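Make the full structure from the sequences, and use the hints.
Going down the list, the sequences are from chains A and L. Numbering of the first sequence is given in our numbering, commencing with residue 229 and proceeding in unit increments. Numbering of the second sequence is given in our numbering, commencing with residue 601 and proceeding in unit increments.
Please keep in mind that the hints were generated in silico from the structure rather than gathered at the bench. Remember, it's a predicted structure, so these values are computed and weren't measured experimentally. One or more of the hints may lead you astray.
To be verified - Each pair of labels, with its calculated beta carbon distance range:
1. D906/L / D352/A: 50 to 56 Å
2. Q931/L / K296/A: 46 to 52 Å
3. K756/L / F402/A: 32 to 38 Å
4. E765/L / N409/A: 40 to 46 Å
5. S907/L / T431/A: 40 to 46 Å
6. S699/L / N409/A: 28 to 34 Å
7. D246/A / N928/L: 34 to 40 Å
8. K255/A / L743/L: 22 to 28 Å
The C-beta atom is built at its ideal place from N, Cα and C for all residues, glycine as well.
Listed here are the chains, written in short residue letters.
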Amino acid sequence: MNITTLSDQELVELVKEDQDYLGYIYKTHKEYCILFMRRLIVGSKIKEEELGDIYQDVMLILYEKIVKGDFILTCSLQTYLNSVCRYQVLNKFKAVGKQLNFEAYESFDVDSINEQYDPQIQDDLEDLGNDKEAQFTALEAALQKLKNSGGKCYELLTLFWYHRKSMAELTDHFGYTNPSNTKNQKAKCQKRLEKLAFNEMNT
Amino acid sequence: MTSIILHIKNRLEPVFQEQGLLISDKSIEWEAIYKGFLMYISDPKPLYQELYRMKLKNPEHVISQLDNLYDAFMTDLAEDFVLGKNNKSIIGLLGKEDSILDNKIIALQQLKAVITKTERQRIIQDLDEMGQRAAFVIAESTLETALKKKARTDLKEQFSAWDAELKEVKVEEPMHELESKIYQKKMLGSSKTLELDTEENSRNSRVISLSWIKYAVAASVLIMAGIFYFKSFDRTDNIDHVLANVETTTQTVSIIENQGMGYISNEKDQQVELIFNDYTKRIVSIKDILNEDTYENDSFYKNELDSLKLLENTYVFDENQLTLNLENTNQKFHFIHFNDAGFYLKIDDSFYHVINTNSPVKLVVENDDTIVEQLEKIIFEND
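Rendered as structure tokens:
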């Protein structure tokens, strides 16, 4: 398979099966997205270095939309990414109390595929709540312990909760006999994680 | 609603099976059971009535399990909710006083948030490498060459093994006489191995393996592989150089783990298979070949020697199987699941921390005295 000949839609489909393809999208579109955002931040307090972080967040937004299963690409991938970049920059502007650079907007070449964006696209990262809360940090430490201890629990839980793999897919991935066994295994892993978190909070 | 009924079916399947009822049975009113479950906490009667109506063998036994089943069902609903698979029935159950569902949702939302945070960090760190992996393509010609080389090496190893087998059988008679006797014996009775009936052999009976058949098969394979093989392979095989095989042995040990009341060796279901690959003899045989002037700079043997040296004292672990690349000297092994710290392997008097890995990792002795002391204590108590 020659990856360079794949359509945007085909790439999106591949990301569902193998997240490595997200890395390919990241590399392919990075330059244009950074250029696009650079023009938006003229005269703002947003630093050039922050654009890389914004772009990485945009990749996470794309990935999480794809694995959630309700992502429909209605424009080119570059246009979608530009639009999400724009929305992320807008949020940053709001945070620093600045207005968008409308002059920059006017100078965008709407005929150039690399400069197009859709203002209706306002996708954002799901908020994780208060990650400084004691229970959250305890669970975080417990998860790290689970990861370090080896075994399948960490992978099983992350594939289910973040990468949204179904029980059938997990059964296939881990070689369990049936989805019911996988479900039991997942329940055991969650119990183990809870115990670890409890220990974390009480030490 | 369909997905909710599916949850109920999955939870009730083993329970109904105990009652001799299959979930595909058309007499089961899933809609009624579903409604009964939804109001189980406030009013369990409709669910009881439905279970009695089904004329189960032992409805009381099913009813005694309803609390656990309800809890599991609420977990399923909470998972659906947290994953965004919302449903009117779930919404209806939310916000009630002492709602089990509410509590489960809060806990799972936090779990998901923690996992999301960790995985986001991991993906961001990995994005560059992911891109390289996705775009990495091996040229078909390179793949073909690599496979061909591996196939040749395997075949040569097989030859060496057969050579070794043949050397064990010191047949003093000419081959055609031996074959004739084997043929006669075969005519009298079928057997995979045949004993010679000569006077000498009756005193010192031997089992003669039919290894020569393997040669015939191998020869056929070689002919099919074609002249290319021999032409491209400018070094003729020297049958005097017999490489020793890798000695592979296995043994199963029980995992000593904390079962809540201390560490015990659970022989029933927690076991790990130890696979030993002892490369010692093979390394010695390669070194012997390389010591000869003709093969001193032979890259073929040198490369294998380098690879084997890298493998020395390494392991690969996938939870059920631990492959150890080390000299097997009948050491004594213990395998411990040590709470949060993961797995430890004890070889004779030393402990080694073992992590899950697909590629070989060096065995490193655990030097933390506190950990070693605890591990020794666990083994002592378990013995």
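How the hints compare with the structure:
Between D906/L and D352/A, the C-beta spacing of about 52 Å keeps the proposed range 50 to 56 Å intact. Between Q931/L and K296/A the beta carbons are some 51 Å apart, a value that agrees with the proposed interval 46 to 52 Å. In this structure the supplied range 32 to 38 Å holds for K756/L paired with F402/A, their Cβ-Cβ distance being about 37 Å. A hinted range of 40 to 46 Å for the beta carbons of E765/L and N409/A is consistent with their spacing of about 43 Å.
The hinted window of 40 to 46 Å between S907/L and T431/A holds, with their beta carbons roughly 45 Å apart. Taken as a hint, the range 28 to 34 Å holds for the pair S699/L and N409/A, whose Cβ atoms sit roughly 30 Å apart. Restraint check, D246/A to N928/L: a C-beta distance of roughly 39 Å satisfies the suggested window 34 to 40 Å. One distance hint, 22 to 28 Å for the beta-carbon pair K255/A and L743/L, holds here, with the actual separation near 24 Å.
When each numbered hint is compared with the structure, no violation occurs for any of them.
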